[in-house]
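Chains as they are written, first to last, in our numbering: chain B, 1 to 115; chain S, 116 to 366.
Only part of the chain S face toward chain B is listed, based on derived beta-carbon distances under 10 angstroms: (1) Val147; (2) Ala178; (3) Ile202; (4) Leu227; (5) Ala237; (6) Val239; (7) Val286; (8) Leu297; (9) Asp315; (10) Gly343; (11) Ala349.
Calculated from the structure, these hints are not laboratory results.
Only a predicted model underlies this, so the values are computations on that prediction, with no experimental measurement involved.
Glycine residues also receive a C-beta, built at the ideal position from the N, C-alpha and C atoms.
The chain contents come next:
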Amino acid sequence: MMSLPLGIEHFLTMVLVAALPTGIWRIGGVLLARRLSNQSEIFEWVRFVATALLAGVVAKLLANPSGVLALAPLWGRMGAISLAFIAFMLCKRSVFVGVLVGEVMVITSVYLTAP
Amino acid sequence: MLNDQSDQIPAEWMTAHFIKGMRDALRFPAWVVAASLVGVGPLAQSAGYSIEMAIASTLFVWAGPAQVLFFSGISAGMALPALAFVIGLSSMRFLPMTMALMPLLPMKDHSLPVQLTIGHMASVTVWAESLRRLPAIPEAQRVAYYLGFGAGCIGLSMISTGLGFMLSSAVPQAFGAGLLFLTPVFFTCSIAAGARNAADWLAIASGLFLEPVLSAWMGPEFDLLVLGLVGGTAAYLLKRRLKPHQGLFSS
Numbered sequence: 001m002m003s004l005p006l007g008i009e010h011f012l013t014m015v016l017v018a019a020l021p022t023g024i025w026r027i028g029g030v031l032l033a034r035r036l037s038n039q040s041e042i043f044e045w046v047r048f049v050a051t052a053l054l055a056g057v058v059a060k061l062l063a064n065p066s067g068v069l070a071l072a073p074l075w076g077r078m079g080a081i082s083l084a085f086i087a088f089m090l091c092k093r094s095v096f097v098g099v100l101v102g103e104v105m106v107i108t109s110v111y112l113t114a115p
Numbered sequence: 116m117l118n119d120q121s122d123q124i125p126a127e128w129m130t131a132h133f134i135k136g137m138r139d140a141l142r143f144p145a146w147v148v149a150a151s152l153v154g155v156g157p158l159a160q161s162a163g164y165s166i167e168m169a170i171a172s173t174l175f176v177w178a179g180p181a182q183v184l185f186f187s188g189i190s191a192g193m194a195l196p197a198l199a200f201v202i203g204l205s206s207m208r209f210l211p212m213t214m215a216l217m218p219l220l221p222m223k224d225h226s227l228p229v230q231l232t233i234g235h236m237a238s239v240t241v242w243a244e245s246l247r248r249l250p251a252i253p254e255a256q257r258v259a260y261y262l263g264f265g266a267g268c269i270g271l272s273m274i275s276t277g278l279g280f281m282l283s284s285a286v287p288q289a290f291g292a293g294l295l296f297l298t299p300v301f302f303t304c305s306i307a308a309g310a311r312n313a314a315d316w317l318a319i320a321s322g323l324f325l326e327p328v329l330s331a332w333m334g335p336e337f338d339l340l341v342l343g344l345v346g347g348t349a350a351y352l353l354k355r356r357l358k359p360h361q362g363l364f365s366s
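Please take these sequences and the hints and turn them into a complete structure.
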């Protein structure tokens, strides 16, 4: 087989292995939505499915951390997300405050458990 | 309906709405997505990919968890078809997310390329913020606003991915952990910010608390699919028992 320049090979790999498997769902969503009336009750249900899925992705990212996030202990990750949520609710649902509190907690937990 | 106005609106108005969307994104949300993608740079570097490829992955994949999976998988020497499969499963959320955007954007009047661009820009941040912001914006201005918002998020994130690549050795590990933690904490706050009633909270809680149970029970492949269908349907049924017109993101 002819060998491709590294840049082109990497680009094709990225498109076929990452961009396409992700984009296919977005394209599917657009094509499905085109066939439905804007008033369709299905959209209501679909939005709840998306919300539950998103929350599931959060749980997955915290339970199986990738890269250096694995340096934060389980209690650090779970504690940080819980405190972030509490701070977020107490501060009139301020996303900024929630993110800030979570970040401080998780970074602290890495330093506390560092050897 | 204002559905057919997009042709009648002067072009400079559309530009103004595009810029307004971009400005709103750059006020805060774009910085969070951008920061959450800083971590992709170092991962791309250890996978042996160039800075251009790291930046291109933000433009073409535009999904933090998928990019992290991709570069980690390449580093670990995973077989490419298996990696593509894992990434595909992890990105399933985009199907219902893209669909749910539809009633808010008068997409039917736009060409398929515009619709696909709208779909491509739908990351969690753009999606959650759009569901919250778009209902308050006149229908004819929404697509321009949305495209500006998405372009602001993607543009800033391409810069941050490149910066992450260049600074990868200089970032302390605890800080790197903080960058990777941005995605889950921001997802949580974004979806919770739009919750209005018990059904919305049920969808969120079922996702958070059923996921560990389901993944232990049925493995890490199809747990999210089952979770979305079960949690989403339960929330929908609860919603139907509550008063109408108290939707998740409609005010």
